[in-house]
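Protein chains in written order, with the numbering used here: chain B, 45 to 839; chain X, 121 to 180.
Honestly, the hints are just simulated from the structure, not real lab data. Predicted, not measured: the structure shown is a model, and the values here were computed from it. Just so it is clear, CB atoms sit at the ideal spot from N, CA and C, and this is done for glycine as well. One thing to keep in mind: the hints can contain errors.
[What the hints assert, rightly or not] Think about it this way: if two alpha-carbon atoms lie no more than 25 Å apart in a straight line, the pair counts; the simulated PhoX-like pairs of lysine-lysine are:
id: 1; chain 1: X; residue 1: 152; chain 2: B; residue 2: 714
id: 2; chain 1: B; residue 1: 184; chain 2: B; residue 2: 169
id: 3; chain 1: B; residue 1: 577; chain 2: B; residue 2: 528
id: 4; chain 1: B; residue 1: 360; chain 2: B; residue 2: 376
id: 5; chain 1: B; residue 1: 326; chain 2: B; residue 2: 461
id: 6; chain 1: X; residue 1: 152; chain 2: B; residue 2: 169
id: 7; chain 1: B; residue 1: 528; chain 2: B; residue 2: 775
id: 8; chain 1: B; residue 1: 524; chain 2: X; residue 2: 152
id: 9; chain 1: B; residue 1: 326; chain 2: X; residue 2: 152
id: 10; chain 1: B; residue 1: 577; chain 2: B; residue 2: 608
id: 11; chain 1: B; residue 1: 278; chain 2: B; residue 2: 326
id: 12; chain 1: B; residue 1: 121; chain 2: X; residue 2: 152
id: 13; chain 1: B; residue 1: 528; chain 2: X; residue 2: 152
id: 14; chain 1: B; residue 1: 326; chain 2: B; residue 2: 271
id: 15; chain 1: B; residue 1: 671; chain 2: B; residue 2: 833
id: 16; chain 1: B; residue 1: 671; chain 2: B; residue 2: 721
id: 17; chain 1: B; residue 1: 803; chain 2: B; residue 2: 833
id: 18; chain 1: X; residue 1: 152; chain 2: B; residue 2: 130
id: 19; chain 1: B; residue 1: 522; chain 2: B; residue 2: 169
[Unchecked claim] Label pairs and their calculated CB-CB ranges:
id: 20; chain 1: B; residue 1: 386; chain 2: X; residue 2: 147; range: 48 to 58 Å
id: 21; chain 1: X; residue 1: 131; chain 2: B; residue 2: 811; range: 22 to 32 Å
id: 22; chain 1: X; residue 1: 151; chain 2: B; residue 2: 707; range: 45 to 55 Å
id: 23; chain 1: B; residue 1: 529; chain 2: X; residue 2: 163; range: 28 to 38 Å
id: 24; chain 1: B; residue 1: 87; chain 2: X; residue 2: 147; range: 47 to 57 Å
id: 25; chain 1: X; residue 1: 145; chain 2: B; residue 2: 662; range: 14 to 24 Å
id: 26; chain 1: X; residue 1: 123; chain 2: B; residue 2: 829; range: 40 to 50 Å
id: 27; chain 1: B; residue 1: 564; chain 2: X; residue 2: 151; range: 52 to 62 Å
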Amino acid sequence: MAVLSKEICFHCGDDCSSKLLIKDDRNFCCNGCLNVYSILSVGNLQNYYKLNQHPGATQNKNPQEFDYLNIPEIAAKLVNYQDAEKTVVTLYLPGIHCSSCIWLLEHLNTLNSGIIESRVDFLKKQVYLQFHHQHISLQKVAQLLTSIGYEPLISLQDVVNDGFSKKDQLIPKIAVAGFCFGNVMILSFPAYFGISDSEKHFGEFFSIINLLFCIPVVFYSGLDYFKRAYISLKQGVLNIDFPLALGVAVLFLRSLGDYAFGAGEGFADTLTGLVFFLLIGKFVQQKTYHHLSFERDYRSFFPVAVDVMDENGATKPLALEKIKEGDRISVKNQEIIPADAILLNGNALIDFSFVTGESKPVQKVLGEIIYAGGRQMAGSLELEVIKPVSQSYLTGLWNNESFQKLSDTKTKTFVTKVSHYFSIILLSLATLSFLFWLPWSWQIGLNAFTAILIIACPCALALSTPFTMGAALSILDKNKFYLKNTDVVEQLAAIDTIVFDKTGTVTLADSNSVAFIGNLRPADADLIYNVCKNSSHPLSRRICSYLHSSVNLEVDGFEEIVGKGMQANYQNNEILIGSAEFVMRSTPEKRNSPQVHISINQQYLGYFKINQKLRPQLGELMFSLNKNYQTFLISGDGNQDNSLLERYFKSNLHLLYQQSPQDKLDFIAKQQRNDAKVLMIGDGLNDAGALQQSNIGIAVTDNINNFTPGSDAILDGSSFHLLPNFLKFAKATVNIIHLSFCIAVCYNIIGISFAIQGKLSPLIAAILMPLSTVSIILFTSISTHVQAKKHRLLP
Amino acid sequence: MNIIYFLIACSVTLALCFLAAFFWAHNSGQNKDLYTPAVRILFDDELVEEKVEEDVADLP
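Pulled out of the complex, with its shape left as it was, chain X reads as follows (with noise of 0.2 Å):
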């Protein structure tokens, strides 16, 4: 039963781990704008540009 120290020992540091990335986040400011960064994942690169133009003269 002793490898219970070993045990409780691992899950207290990878739980650390996990707190410590948490401030690493909050400190650059990953949770000040929570709405914006969804939005923008959205948004097309520039060379759809002449795509989009050739399905408006598809149009009757």
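This is chain B alone, in the form it adopts within the complex (with noise of 0.2 Å):
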């Protein structure tokens, strides 16, 4: 443990910048990581370095104050529950990533006495705490946790939602179930060998209690299919549940009768097996993210309070939904605009960028509307709001009608298509063999008729998507591609169409694009930020995020020469900030990217090279998409980068600039109407139109715990150029469900030409059933493997 290198964080194992930030002999990148360590040290919680090596996250950025938490009803929402002595309340901590944090907050206690327990679970990154809110509030709470590194995540949707998982409700299910098929199969084992005729009275108790075993199964674990059934009768639809409710009730009635008429062992095997085996298929298809929200919308992106100032001008924090007209409001630097609001005092400088997709800050004038969504970059402002939340220009795109329809719109799944002619098919069928055979005897036609029904059961149709479906998302998931679903594999097969948004989806927008070529001492980085923030320049702002110094420098003289840069002085020196004919007298050179130069008093310093960086591999990935789709650029942005992208699309028609966030989702409604079926990449707010009218609308981020809109599928950054991988697998998924589904028609006819015959044993059924489970299940979960290792997505 002692031996680290010397310019490494001790606290998060980031590279410590210049200035050396030294205590008990270890570094620290920034303040927030030595506090970080000071409170730890003085709490006795030095194991949190020993468990691992540098456990913490970086510290570098400002710390919110969650005044709003002293708002009653935003705490109420929030708490669990609360009594005169203690509350307990459920927090999301997304900075959980390791086993040091566990352990850290399971001891805050030792930090702060009024907090009683606290539990981590780890992989939905919540902690759950008890505490006596005589002792510490819950902002206090927030605040500890925030000064640990631990900041709390909590939006407005989360205060709303409760989150309950379905999930739950399958398991007990699924045990009864699996209870019922095992002691069904025990006792059903001597009738298959066959039992004597001086040992029957065995044989009815046997059968007496297997049909007590199929109760519980048909009227508690398979309750769902008769209601999702009579749903989808009602609806005029057939879907795969009507066939399956029909089987189990056939089932159910045949042993029924076969008990009372002494006619047989009755297929208590069979039911029961089969409601375990399709609860079991319906588990594997549930995959729940608990850290990815796919439902999201502006309420998550917004603030849950904001200050509003009275007429002495004090600040009170008030919950977002309670901001009314002609409120004054104050933001700080890096904060939303919350509402739509006009600018009365400050400096404001606004980064739109997630709102228009315009990736330059826009300045703004007192006077001028501000529309909400937008982030401050420069100062505090003060606001006055003319529209409440719900009316502003960017909730006003949610009340679009795209955000209220229903799934019907997309892709029917191909289990939805087939199972209602396999509905018709099998009642057809099995209503004639009844009518063929009842001339002879009602008895063998009534035997024929539930014993097609028994068996063509499409108990491995209904399988087979489920499990195939669960292996793709699982592997899927494992290349950071997270799927709201398992329908959306197969809407992903079936796309023509891809639209791709430009900043932060094919283009990444941050500091890491801005080099600085030649030799920078960190003085004359603090002079060079502080002349370059005067500027509004979009190249400005990015050596600006890039240099992020905190000395406040007082430069004179400054001044912008449209096109060329900027001069200023700063005691005595001359600086020159700008283009190489500016700055050296020199002719400028062809080049590829923008360049800005520097110099000061006269001695030429060197350059930033300032790339808009594309995302890597996009050159391959375009190449392989464009063989197979019509791809599509749109962006909200200007078209400063067009020699840059479209050597990527196929013509230069299919790059669209400028465009707001309605003309995206008209954009992709046009498309549709002349059936495309489009597939939307997007990141921000301004794409959440386009996204959500789009058959599926996939949301690109870089950190899986920052916001991203409500859409179909999330992809991590990182994996954007496994796109035609994912997308080829998605088509396999799709045809190894049809095989599947040929495989299970195999066994379906075999099954029914006994039973057409009337034939049909209890012991052919129990024999067929299970078999075809277990051989689609085998041949989907190998195939999907196969095609994964194929398609690259598997080591």
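Quick one: dock chain against chain with the hints and give me the complex.
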């Protein structure tokens, strides 16, 4: 443990910058990390650093104050339980990432004795806290968590959302079905081998116990199938649940009848096995991503509360939905403008990139309207609200009809299509054979009728999709591509048009794309930062965010020469920042990316190279996609990057610029009217409408805990280049489902050939059902993995 | 062979006990978080504090 390389932060493992922060012979990258270390060492929680090396997350950002947690209404929504003594609350901490986190968070009571108990749920990244609210307030708890590096993420949506999972009710149902299935199998074995006449009373005893076991299976575990079949019949649709429910019902009634008339052992084994396997299939299909939300809307993007100013200028936090027209609000640096408002005071430089896709921050003058959703980049603002949050320009987008639409416009899944015909064929076949036998004997006719419904019960068909999709989902999940549900895989396979957003999707818009070529001393960096911050030119903003200096220098004589650069003086040093021509008086060379040259006192220091950084391997990705798909680029930004991007698309007409969120939505709708199946890939709120309208919307994010607009799938930026593989894999998966359907049909034909003659014995049913089920499960899981390997999604 | 009635009654009762145990475990939330308890059990108690510091001091 004692051996640490010098430049690495002891807390978070990041490289330390020039200013060395040292405590106890340990280096820290920033004051935040040092603070966390101090708090932990005072609280005797050094074990945190012993469990893992550099367990912390970097603290190089401004912490929140959580004033709004003192508002009783907001706190009440968060708190699970409260009595006179203690409060119980569950908080979402995106920072949880290793075992040290668990250890530290579960020892919170050594830092503050007001906390009674804290338990971490690692996978959900939640901490469950009990505390004495007389000793420590909820706000103080949130601040304590923030001070040790685990800032709680509290958003309006989480406040509203309870998040109960349905999976929990499924597990008891599986348990009951499994329990009954196992017992019924044991009791059915004697019948398989034949019971002699002298021991016939045993056979009867087994049958009645088996029937008793069937009752909870049908009326508890299998009840959902009847419910869903009923609902779908009411809507005039024959979905897969209809033949399944019919099968279960017929199995149960036939078993009852067989017992009552002493006609045989009944089908209890097939019935319980069927329900058990079906529920297992459902369980496999359901995958929940606790840390992801696909249903997010603007509310999780906005702050929970806003500082409202009264006449005396004092600020008080107020819940966002309570903001009304005419309120004066204060917005600090890096905060989001919560409602459409008029600028009253302050230097407004607003980054609308998330709302409009425009990457340049916009300068606003006093009295101008600022639309909600922009992020303030320079100092505090005072604003007057002109529209409440729910009616602002941005949230108005959510009132668009595409947000109200149900999923029925999405493509029908294969199983839905097939099961419609399947049910019709099944019913007519059963009726025909009943009518065929009727003239001879109604018993044989009824026997054949029920036997067909039993044997043709599409168990294998119903299982092929969940098992294939379940396997596909977990393979995609390993590649950091998270789908909302299994239907998305099938829709992905049907896609023929792909629409990309530009900023944040095709390009990366962060400070990593800035590099200084030359030698930059820290003092000069501070100076350049202080000159650049006076300019609203996008390149200056990029350099500012790259240098990120905290030193404040008084620069005078600042002058910006449009199209060339800027000059300023500081303590008799003349600073020139701008184009090569302007700084060095040389002729400009041809180059691909913008360069910003620097000279101080006629001494040339070097230049900043600013790349509009494209995602790595974009070329290969587009080359591969262009072969099979129509590709479009649709951007809210201007066309300054056109030369860089146009070579990746088939035609210049496929690149659209300066598109408003509504334009994007309309563009997708227009493509869909021409029968295109559109995949939209975007990242910001400005894409939210298009993501909803498209057949599949994929939200790209570089940090999975960040806000992503509502979508069908979330793709981690680091897997962006795998997109063609994902699409091919989706197609292969659908093929597997088709193949397994063929196998299921083969089994059905064999079974029906017995049933139609009225010869189906419980033994044949009991063999065929598990045999088909197991072979389908094996086939789908093996071939899905083979396909994943083929498309390089598995090692 | 009539003993079989008794045996089956026993086996079903026993199986029902296990089912009941499963329900109890499920309803008390033991299936909710299957990861964290596995990590939690590996943490040492606070008492190791001094001992670990000695180890560090022993290093050259």
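Right, here's what the structure says about each hint:
{"no.": "1", "hint": "X:152 to B:714", "in the structure": "violated (45 Å)"}
{"no.": "2", "hint": "B:184 to B:169", "in the structure": "holds (20 Å)"}
{"no.": "3", "hint": "B:577 to B:528", "in the structure": "violated (42 Å)"}
{"no.": "4", "hint": "B:360 to B:376", "in the structure": "holds (14 Å)"}
{"no.": "5", "hint": "B:326 to B:461", "in the structure": "holds (19 Å)"}
{"no.": "6", "hint": "X:152 to B:169", "in the structure": "holds (13 Å)"}
{"no.": "7", "hint": "B:528 to B:775", "in the structure": "holds (18 Å)"}
{"no.": "8", "hint": "B:524 to X:152", "in the structure": "holds (23 Å)"}
{"no.": "9", "hint": "B:326 to X:152", "in the structure": "holds (18 Å)"}
{"no.": "10", "hint": "B:577 to B:608", "in the structure": "holds (17 Å)"}
{"no.": "11", "hint": "B:278 to B:326", "in the structure": "holds (23 Å)"}
{"no.": "12", "hint": "B:121 to X:152", "in the structure": "holds (22 Å)"}
{"no.": "13", "hint": "B:528 to X:152", "in the structure": "holds (20 Å)"}
{"no.": "14", "hint": "B:326 to B:271", "in the structure": "holds (16 Å)"}
{"no.": "15", "hint": "B:671 to B:833", "in the structure": "holds (22 Å)"}
{"no.": "16", "hint": "B:671 to B:721", "in the structure": "holds (16 Å)"}
{"no.": "17", "hint": "B:803 to B:833", "in the structure": "violated (45 Å)"}
{"no.": "18", "hint": "X:152 to B:130", "in the structure": "holds (24 Å)"}
{"no.": "19", "hint": "B:522 to B:169", "in the structure": "holds (19 Å)"}
{"no.": "20", "hint": "B:386 to X:147: 48 to 58 Å", "in the structure": "holds (55 Å)"}
{"no.": "21", "hint": "X:131 to B:811: 22 to 32 Å", "in the structure": "holds (24 Å)"}
{"no.": "22", "hint": "X:151 to B:707: 45 to 55 Å", "in the structure": "holds (48 Å)"}
{"no.": "23", "hint": "B:529 to X:163: 28 to 38 Å", "in the structure": "holds (37 Å)"}
{"no.": "24", "hint": "B:87 to X:147: 47 to 57 Å", "in the structure": "violated (36 Å)"}
{"no.": "25", "hint": "X:145 to B:662: 14 to 24 Å", "in the structure": "violated (50 Å)"}
{"no.": "26", "hint": "X:123 to B:829: 40 to 50 Å", "in the structure": "holds (49 Å)"}
{"no.": "27", "hint": "B:564 to X:151: 52 to 62 Å", "in the structure": "holds (56 Å)"}
Violated hints, listed in ascending order, are 1, 3, 17, 24 and 25; each of the other numbered hints is respected by the structure.
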